[in-house]
Amino acid sequence: MTNDVIKEAVAKQQSGDRKLAADNSILGKVMTFNIGEQVYGIEIQYVTEIIGMQHITKVPHVPNYIKGIINVRSKVVPIVDIRTRFGKPEIPYTSRTCIITLNFNDIAVGIIVDSVADVEDIHTGDISATPENKNVNTNDFIQYMIRGEGDNTKLILDVAKLLDEQEA
Amino acid sequence: MAKIEPGMEAMLDMYFFETNSLLEQLDEILLRTEQANAFESDDIKEIFRIMHTIKGSSAMMGFDNLSVLAHKAEDMFFVIRENPDVITDVSFVYDLVFQVSDSYKAQIEAIQNNIGGEYEQMDFGELTDKLIKARDKLNSEASGEAAPADAAAPAAGSGSAPAPAGGSDKVSVRVYFEDGCQMENLRAFLLINTIREECSFLEFYPEDVETNAESSKEIVEHGFLITFSASDDRDYILKQIETALNVQSYEVVTGEVAKPAAAEPAAEAPKAEIPPEPAQQLQTEKPKPAPAKAPEKPKAPTDQSIEKAQAAVASAQQAANGGSAQKQSLISVNLAKLDALHDIVGEIITTESMVISNPDLEGLELESFNKAARDLKKLTGELQDTVMSIRMVPLAGVFQKMNRIVRDMRKKLNKDVDFVMEGEDTEVDKSIVDSLQDPIMHLVRNCMDHGIEDDVQDRIYAGKPEKGTLTLSAQNASGEVIITISDDGAGIDPEKTMNKARRMGLLTKPESEYTEKEIQNLILLPGFSTNEQVTEFSGRGVGMDVVKANVEKCNGSIIIDSKKGVGTSFIIKIPLTLAIIDGMEITVGGLVFTVPISTIRESFKVEPEQILRDTGGNEMIMIRGVCYPILRMHEKFGIDTEVTNLEDGILLLVETDNKSVCIFADRLIGEQQVVVKPFPKYLARYNIKGEGLSGCTIMGDGSISLIIDTNTLIG
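Respectively, the protein sequence lines represent chains V and B.
Okay, so the first sequence: first residue is 1481 according to our numbering, each after it adds one.
Okay, so the second sequence: first residue is 65 according to our numbering, each after it adds one.
Errors might be hidden in some of the hints.
[Unchecked claim] Quick list of in silico lysine-lysine cross-link-like pairs, DSS-like style, CA-CA up to 27 Å:
1) V/Lys1538 - B/Lys741
2) V/Lys1555 - B/Lys628
3) V/Lys1555 - B/Lys617
4) B/Lys169 - B/Lys465
5) B/Lys465 - B/Lys564
6) V/Lys1538 - B/Lys753
7) B/Lys531 - B/Lys494
Read the hints as simulated data drawn from the structure, not as lab findings.
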């Protein structure tokens, strides 16, 4: 989803026009997954598939969050551990640990997540912009948020930044 | 500046391919005939045909300047073709045609580099003027020569001479286009345009094909009737008609097919004799003498004309069939498709071994399964070989270009040099051929410019033949192709090289420590050029290092072998193909690495007393009197392993580019043919490739092995 769409959705919610504010159309779908207690999401169009944890071949001379490469039906796919990427402590992989393979601009990458949760619709009324706070590291990778019931807010990852970001 | 016409982009690729191959063909003919110093009539026809095709396709693509240029060249060759004896100054013609060919290549390259954008339209005015002058000159010579030679011969003057009455039969041809090819009228019009220049007399029916779309109906029903003068090169015209696009068939109708009669359906057209045409009607352009074979003979009498026409048709068909059979046995395929095919075959082979050595099958009695598996293995092996061979192209194309370069330089530098080509039919992978062209060209130029002595006297003093020799050879040797470019010139002067390197500040150790080989290798460094004078061909100091880089890009290596006063050889070694290599699998910790077998000299166990340690604690080993450094893989790549004692693991002596190192691994697994896959794009930003790994491969069990790049591992 482009940033314009998000802005428009946020603007609609805040608009005085009741009709606009009440608009709750579906903008797309996200796949949600858990990392620790937090629920994250990735827009479904970037997701290629979900595969179980498998042996990862280490590759030297790469940052520690790149765990290595795996063979997905004769395609070599690099694997990023989201936990390490976001600076969270590593935990042992369990039977629920999954690899979600993504494809963005022909760059294929797999990400390791604690567990996959759900696929759900994105409603215009639920979208929130991220707070303008440059101190929070993970903000760089969050494009926007989806409010759920109670505290259940999902952070939607900006795949472009996740994959394209230049190493400083 | 000009732009490519919209809608034409789709055809550009085809145009470039076709025109470039035609130009290569042209160069080849020119070089061949120049050596023989004579044009065969076949060659002239071929050149004429090439120019003609280029003219047509350039005009179609909207490249007017190219079309005009080809047209003028064609005009010139027209005169030559009609009067093969006319060329008195052969080299002048050659230079001109080579210029045309070069201009073409330059313009095409300019267009190719700016597809979709604007390209610079070159001005060939000067060249076309030259061509026109040449044509006129040849023309006047021709008429001067031909007229006195045989009074009975049709005068080949400039247009006013009446054609011989006896040779003025008309030949009518009814052309049928393929069913449903659409726009028959325009196709007919194109056809007319193609043969117009060949005919001193030309009529066709329906006449309004260009403007009247309705005429296609007529053409579909009754065919397209073309009548031309029989004194023209009939075989040629018939061949043109036959090979024209979408022409299904044609028949030669010899009969009373004057304009009104042609309106009737084909079946009714009476097969009568053509009345001799009054000579005055033939006053179009310059009448041509009949085909070269019998210019002085008048055409066969009319009652034989049917027979003759049939013979002509037969021979034309034969020629066309011969030609088309050859053409049809070759197709051009997009390289991307071949790459895809290649990838799939690689995957099939991997998957096959996954199936055959599947752990689920362990311990089972599978007699017929094993038999089937063996058959499958044999077939996939054949499949792989075939796919590999598809990608192989001979080096001849590259070699031919060098021939051309040598020719030009021979003239410009005024050096008498024999160019010898050997093994040009050696085949290598297409992608390698492409990246080899520049390095070879550079080396050939260097040999011509710097290698061969400027002064013939120097050669005579040195006891060498006056004529220099430049050899370009290629040969296959155990999975590698070895290309050698050697001259018998002055060789590399170590002293000069040293002086130069010192001046440029390229020396990295005391001068006395440099071996002869190392001194020779200095010329491969960036910024090095020994020639004091920068010439048109070489000496800018960008070059040898680029040559080296290009060769290394295709996993090759370059060796210089030179002796002062005797000559220089550049030896390029490249693998046959990049995609599949024979590898030795080794393990380090939990990781599997593949070492290209071509780089492994030996592998061995080591005893503790063989190990030497220098003051810095670096380990070395002495093998047959030579000391090699030891590189511990687990340290290099930061891998945890239990095998850290040198005597517990295994050492592999690997060598590349005259550099050697012993790599230390846990153990050997075995030999395997592996399909090289590049690292994923996402990892491209990290410097993996610069650190001793060239790619990865998927092994039989589905796991991934990393391929060692011996070059960067040592360097």
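Cross-check of the supplied hints:
A C-alpha spacing of about 16 Å is found between V/Lys1538 and B/Lys741, which places the hinted pair at or below 27 Å, so the restraint holds. With a C-alpha separation of about 53 Å, the suggested pairing of V/Lys1555 with B/Lys628 is violated against the 27 Å cut-off. For the hint linking V/Lys1555 to B/Lys617, the alpha-carbon distance of about 24 Å falls within 27 Å, and the restraint holds. For the given pair, B/Lys169 sits about 12 Å from B/Lys465 by alpha-carbon distance, which is consistent with the 27 Å threshold.
As the CA atoms of B/Lys465 and B/Lys564 are separated by approximately 32 Å, the hinted pair breaks the 27 Å bound. Using a Cα cut-off of 27 Å, the hinted pair V/Lys1538 and B/Lys753 holds, with the two alpha carbons roughly 15 Å apart. Between B/Lys531 and B/Lys494, the direct Cα distance comes to roughly 35 Å. Violation of the 27 Å bound is thereby established for this hinted pair.
The earlier numbered hints that this structure contradicts are 2, 5 and 7.
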